[in-house]
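Residue numbers (our numbering), protein chains in the order written: chain A, 1 to 479; chain B, 1 to 479; chain C, 1 to 479; chain D, 1 to 479.
Since the hints were derived computationally from the structure, they do not count as laboratory data. Worth double-checking, as some hints may not be accurate.
Copies of the same chain are indistinguishable here, so a pair counts whether it falls within one copy or spans any two.
When the alpha-carbon atoms are kept at most 27 Å apart in a straight line, the in silico DSS-like pairs for lysine-lysine are as follows [as the list claims (entries may be wrong)]:
hint : residue 1 : residue 2
1    : LYS211    : LYS266
2    : LYS9      : LYS52
3    : LYS86     : LYS349
4    : LYS320    : LYS207
5    : LYS349    : LYS77
6    : LYS164    : LYS320
7    : LYS164    : LYS413
8    : LYS43     : LYS9
9    : LYS129    : LYS211
10   : LYS410    : LYS164
11   : LYS52     : LYS349
12   : LYS164    : LYS478
13   : LYS320    : LYS77
14   : LYS478    : LYS320
15   : LYS413    : LYS211
16   : LYS52     : LYS413
17   : LYS164    : LYS52
18   : LYS211    : LYS410
19   : LYS129    : LYS349
There are 4 protein chains.
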Amino acid sequence: MRTPEEYKKSLREMRPNLYKFGELIVDVTTHPATRRSVEAHAKIFALAHDPKYRDVVTTISSLTGRRISRYLSIIQKPEDMVANVKMKRLMFNLVGTCTGGRCVGWNCVNAMWATTYEMDQELGTEYHKRLRSWLVDAQERDITLAGALNNPRGDRTLSPSEQKDPDMSLHVVEENNDGLVVRGAKTMIAGVAAANEVFVMPETGYKERDKDYALSFVVPRDVEGLTIVEARHPSDKRDFEEGFDNPVETGITQAYLFFEDVFIPKERVFMCGEYEYSGRAVNYFIMPYRSAIGGCVAGQGDVIIGASIAIARANGLSEKVFREKLVRMVVNNETTYGLGLAAAVLGEKHPSGLWLCNPLLANVNKVHVARLPYETKLLAQEIGGGIVETGCMPSHRDFVDPRYGKLVRKYLKACAPAETRVRMARLIEWLTVGAGIPGCMHGGGSPDAAKIVIRRSFDFERCVELANRLAGVGNEAKS
Amino acid sequence: MRTPEEYKKSLREMRPNLYKFGELIVDVTTHPATRRSVEAHAKIFALAHDPKYRDVVTTISSLTGRRISRYLSIIQKPEDMVANVKMKRLMFNLVGTCTGGRCVGWNCVNAMWATTYEMDQELGTEYHKRLRSWLVDAQERDITLAGALNNPRGDRTLSPSEQKDPDMSLHVVEENNDGLVVRGAKTMIAGVAAANEVFVMPETGYKERDKDYALSFVVPRDVEGLTIVEARHPSDKRDFEEGFDNPVETGITQAYLFFEDVFIPKERVFMCGEYEYSGRAVNYFIMPYRSAIGGCVAGQGDVIIGASIAIARANGLSEKVFREKLVRMVVNNETTYGLGLAAAVLGEKHPSGLWLCNPLLANVNKVHVARLPYETKLLAQEIGGGIVETGCMPSHRDFVDPRYGKLVRKYLKACAPAETRVRMARLIEWLTVGAGIPGCMHGGGSPDAAKIVIRRSFDFERCVELANRLAGVGNEAKS
Amino acid sequence: MRTPEEYKKSLREMRPNLYKFGELIVDVTTHPATRRSVEAHAKIFALAHDPKYRDVVTTISSLTGRRISRYLSIIQKPEDMVANVKMKRLMFNLVGTCTGGRCVGWNCVNAMWATTYEMDQELGTEYHKRLRSWLVDAQERDITLAGALNNPRGDRTLSPSEQKDPDMSLHVVEENNDGLVVRGAKTMIAGVAAANEVFVMPETGYKERDKDYALSFVVPRDVEGLTIVEARHPSDKRDFEEGFDNPVETGITQAYLFFEDVFIPKERVFMCGEYEYSGRAVNYFIMPYRSAIGGCVAGQGDVIIGASIAIARANGLSEKVFREKLVRMVVNNETTYGLGLAAAVLGEKHPSGLWLCNPLLANVNKVHVARLPYETKLLAQEIGGGIVETGCMPSHRDFVDPRYGKLVRKYLKACAPAETRVRMARLIEWLTVGAGIPGCMHGGGSPDAAKIVIRRSFDFERCVELANRLAGVGNEAKS
Amino acid sequence: MRTPEEYKKSLREMRPNLYKFGELIVDVTTHPATRRSVEAHAKIFALAHDPKYRDVVTTISSLTGRRISRYLSIIQKPEDMVANVKMKRLMFNLVGTCTGGRCVGWNCVNAMWATTYEMDQELGTEYHKRLRSWLVDAQERDITLAGALNNPRGDRTLSPSEQKDPDMSLHVVEENNDGLVVRGAKTMIAGVAAANEVFVMPETGYKERDKDYALSFVVPRDVEGLTIVEARHPSDKRDFEEGFDNPVETGITQAYLFFEDVFIPKERVFMCGEYEYSGRAVNYFIMPYRSAIGGCVAGQGDVIIGASIAIARANGLSEKVFREKLVRMVVNNETTYGLGLAAAVLGEKHPSGLWLCNPLLANVNKVHVARLPYETKLLAQEIGGGIVETGCMPSHRDFVDPRYGKLVRKYLKACAPAETRVRMARLIEWLTVGAGIPGCMHGGGSPDAAKIVIRRSFDFERCVELANRLAGVGNEAKS
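Isolated chain A (complex conformation):
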């Protein structure tokens, strides 16, 4: 298994094809726009070599029997899914935010594992075989793998093939014996700067006319024809500053991927035209995603709880005053964590060997993920006071100014030295309105989409029968 240094070396050896602020990023491991995300992902490689965490972040490959990164494994039993949720919580604990350059790709592999199995069984294709081959190799190479699902989509009232501009979703423009040529974009993709490869998934809702859009494959991040532009995030210019106004060594990135006629060799193609399967693929994708994200937000919640107590103490206030609020934060945390675990446990086995989470509980969890962490953040701002709410303090540059820096420092100290207090306040700013906020409202789909799945997963008519029986009536009032 690779060391952090080997991992970073692999990134440095890739063709530079990422841009931000109009600049080509030559070395993602050192460039201010990307290095924090790389550091966060490197941390996972370090943990794999740390006896305390090895069993959390690694597992035994069901394909080769060798120890591999958990992020490249096939989830085969409830325990694997529980381990997934726990690992997510741990990673947020340690890096403070999302390491999406591994987990989305992992999710894609698992979703396509079941989908390709069904296609091979039902259509006689070879997708599952290809995926297995690639995966054995990927496990061996111990790569980081980003996952890409979201298309720009253009006018959302029209299907991909109905758009004025056919490129608004990623599609095949040419197909031959060796492979495919694809064009389009994938937007808001997490952790690409820290990834060695990118696993591409189709979206859902495709009809026959949209079959050129039913597409899954995997590419090296630096493949020819792929241009990547990093998106902004709140206060991202601080990544370029000196000092502690961004006090955190880690971070996230999200990118736009532009495919300008990129060639994909056949053995890396896992779906091409089988539009009836794209919905299933997305479905297999969202269930573990919406379960595990309960661990993600709980993990960040742990940090927020800790930071809230720390800032209260730095402000000279006892955290006892904030007991009710702190308990509420814990309740929020454990609710999403617990529901993630419950979705894992109530799941079932897919013929391909994949463990499927419970769709009802996974989507109930997503609904909570779109609300509870926001309350937790709000409570952190309430506890922390005005300096925390909008990070209302002079900049680090002013903090160290030779003329008036001493005034800034004099008046920012409280029950902790000025720098300690400022750093903790900046951490909460980072977590609540700064660069540390992950996209948990829309990541893995919107809460409204989750509600639709809930409606479909729950047996309302059975409940009507229960009520009818108790009320002593028949089904006279039909819908």
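With the hints as your guide, set chains B, C and D onto chain A.
Frame of chain A, contents of chains B, C and D only:
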């Protein structure tokens, strides 16, 4: 295993010692004040003989290897606890409300299983051995077992031994070679009318001076010296009426138990004076209780969802209008159910063989149980309209009145016959402001008590360390 | 102005035409099913003679310059509407629940005041003149006036004239020079038992084919052909019991009114066929209703706050423990009260002289009224403990039983005598799941109906323009 | 009354004493760190000359009878306070965020108006006379006036005089016939960069030993000895960028003010040592502040509603899908606005002529202001999708890049041109996690502080009496 009829016969053969409205209840199986609760419990006996449900409500005894009621089993593994949560949900599905005359006693047995094990190990007592003997016999006899924990307590700022009246908590007044004599009361005890025996537990917080109050034993419900007075519940006079104003054949009871110098033979005593263990006993009690109650309220929630849809249809409204509300009800339901399951799964094994639930998740669940079902009920009232909100319809007696009953019936019909509509509206009234509401706010302890456990179970300092590390500071701001 | 005794005498002199539980109620002032409601309304007459409250419950008639009951006045300025909100809060403070036998009728008179004015102006009718004449006389007679709006409606997907049974909404069956004959029903009408007359309003949404349903008039409560059946309410059998299980001397009633070809003399008809005006009439009705109800629920909230503190003390707990909860209750209370006042203040003058409340704020208030009081009640149950949650105590009959009553009393005392504690617990039961709960979810229309008015009252496009201007864009993204 | 150009000229003529990022800001009207705030305040001057808005932002001076800025008036009647709330809403509508460089100062003047009146009456001082003189002149000069209350405070468990460093709150270091010399700091002061003068208020809780801290005065912003350092705000480096990543022309600033032995001439001192009056002063300050802030957040809420609809349309989605969410936003908006108005209306007159808001309703409003706007923002993020949630789009620099900018633009267009969509998404980012978020959680004090005032303002014992009377008990259960 007993049939419903055998069960009812056993109740009829007991000494009458229950009162309500100043009247001695001679036959609990037919008296209007108690028969609904007996019917609900009889349902469990029926299910044990129904192949569809047998594995839900029965299991194999870890003591004898014979099939027994699940309500008399020792919970030994996560699967047992998961089965508990699922059984609770099923029972609420089928009878609409709480069958507390079995589940609280079951919880007591399990809590004392671990507690007596520890006492025998640490103090050389014989409590665990006695409990085992009694339990083997109880499983054989297939009894219903109520559980009694709550004392009147008098002035809550004082401990039991400090009260002006020493009887404000149940206590020993005499002890000899054959057994004990006890005096006091247990209040708000569920399902006693439907129980063959009552298992008594101590409360918590006892010091040495309170050791006469550290007391656990089991008695036949009709033991000499025990007087039972049934408490009221909302709209309980309808239990005595004809017609469908209480449209449900099942129901709950809660009673006050007055022990006037009751003798307990030694072999039925499981704690007597070991005050240091009463806190542990209560702790072992609340964890599975606060997990499983997630299944209870979800089970009632299923009925409420069904009834909401049914009344909407009866009113001539499409349930589509209420989609957002129905999804919210499902989210509420599955949240408590899922957290109950998660608490089961994240538990650990006690040396006595008992499976202990996760205390943090169990208590987080209790906090939700004190809020989410109330929102579900509110939504049912919102969907159902004015007739549902306070049951605002003429009585059954008026419904059938020979003079003007035809007017009542004419104007109460809508998209369902008048009787169907009224019965469904009455069911929702029963579920939300009527006799069907279980005490889920305070049952198994108050939400504020749960919050105290949450505070104690969660490692806040670990979170502060996570935050300090991310912010790049030490622990300068100590509390 | 009448004294309470004169008021009761007037009720006793009326023809008995109310039924409950199959029984004709001969004297509403003494019959257990109705006397509590009469007592509540009599309280208003007493206050009119009490110097401390006279200016709250009376005012000067804009028609005659004489002092009249405020419940028979025309609301002409913001101060009148503010006084309305304050009077509602006071009345709930003093009687604990709704005195709907005056306020709905008052609301009807005001709504028809503006509507008839418009009809006379636009159609040349004499409705406004008639209404004025009747009102001058009603003020003189100082009557109590119930208001009736809600029809049974049958299949709600069909308009009144499309129903299989044409009587599902109240309608004209005959019209001649002297007046009308009407048939149908009005359902869930508050306080009829305590009223001298009933003011009838049309509902909304009528088309030309429904014009026989566009109907407004006023009748004596005991008019020939009118049969009234009282609806049930939670725990209503306690009204017939001795003792303190219903500890409150006042109460509410809601009734079904069946009109079997009732004759209405012309001078008491205020709308007959003018279907285009029925929507306006309802609109004028809901604005002050949905404002003033903020005072109602705040007034009941005050009692709930007081009862919560009282039961905490009786239980031996300091209310300091419950500070956060008590503050939340105050916030809920003052929110609906304050918004009611704001709706009054931001209103405008109608040409008829009527003061119209602000529709947006009135309906925002209705949305809160359908949620906040429920949280307040839940908090009361949380503070009060198990005896409060479902009134889980033996009955009064058991409390005084010569055999075991002493046990009940011994164990129910705490930091207050047993009777004090029981009465306070019963009061909270009455307020939260008992006979004291008013229909504030659906009274004056459902919250979903209020949301529709909000959507129509708020200028969304203006907001889009504000956003466009700030973002520096035009209106390129049209809906 | 001054024009925007005259106003800006006055700012340019002041001594430069503001810093940000280590740089002295020579011209606040053009420097990127401050010009947006100046533009927002200049807008008010423009409106004073616009017939459509003149009556909103100006009024007639009660001192001189001449037309003056409303921001320099004494609030004397409910209508003045209502106008205040409405003006705040308008200003947020037009500039999108807080123009705190006028309103806090205005609030200070009014608070000290009543406080100095009381001091002059009770102590024979001349503070009120001085304040009046200064105010007449300030109205004449039509100045912008910031207000400064918050001190650094150091260790919050200690009073100002107990601090290790006596400067942790602003205090007098010298006093003579001509005036005072003061030292210390005021932190997180809104809009100083846009202000001509700064009005200083004491904090509360002072004892006799703290009398050097009981201090109120007014200074020119550029007074000798005053150093001002601007605080950061989220994404503040975008203020220095070209393009539309901060799409808004206006903005806010918050600054730290360091007083290094600043001389204050006697006629500008309004409190010096009268520690018993500092609490009253703060009290008079928070009531109108916590009322009017309901208008502020409603005004920003209007913009958020508009932007949510605009982005939904730009994304190609109908806002009908989001109806429930949009109504919720309106409810949130109107709740704080309405309660602000209600607090104004239920107020009372102070002997000095000042109109005092209702303290209970003002503080209830503050509690809502600390929650409801956050829900509104969350809903905006939910409606807007992933690009809105964290502003996840490439930078403007990338948008216009000659190499790949065309790709960015191609894939960001939807149902609106790419630039329109990006600008609207950036506006929502600015409003929810960007530079546009005002400090409404802690501005004017924390919600927990508001809850303390609520507890003190509400008559709980009166409620206990109401409950006792209804329950038919006396006050047996005393606290």
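Broken hints, numbered, in rising order?
Hints 13, 16, 17 contradicted; others consistent.
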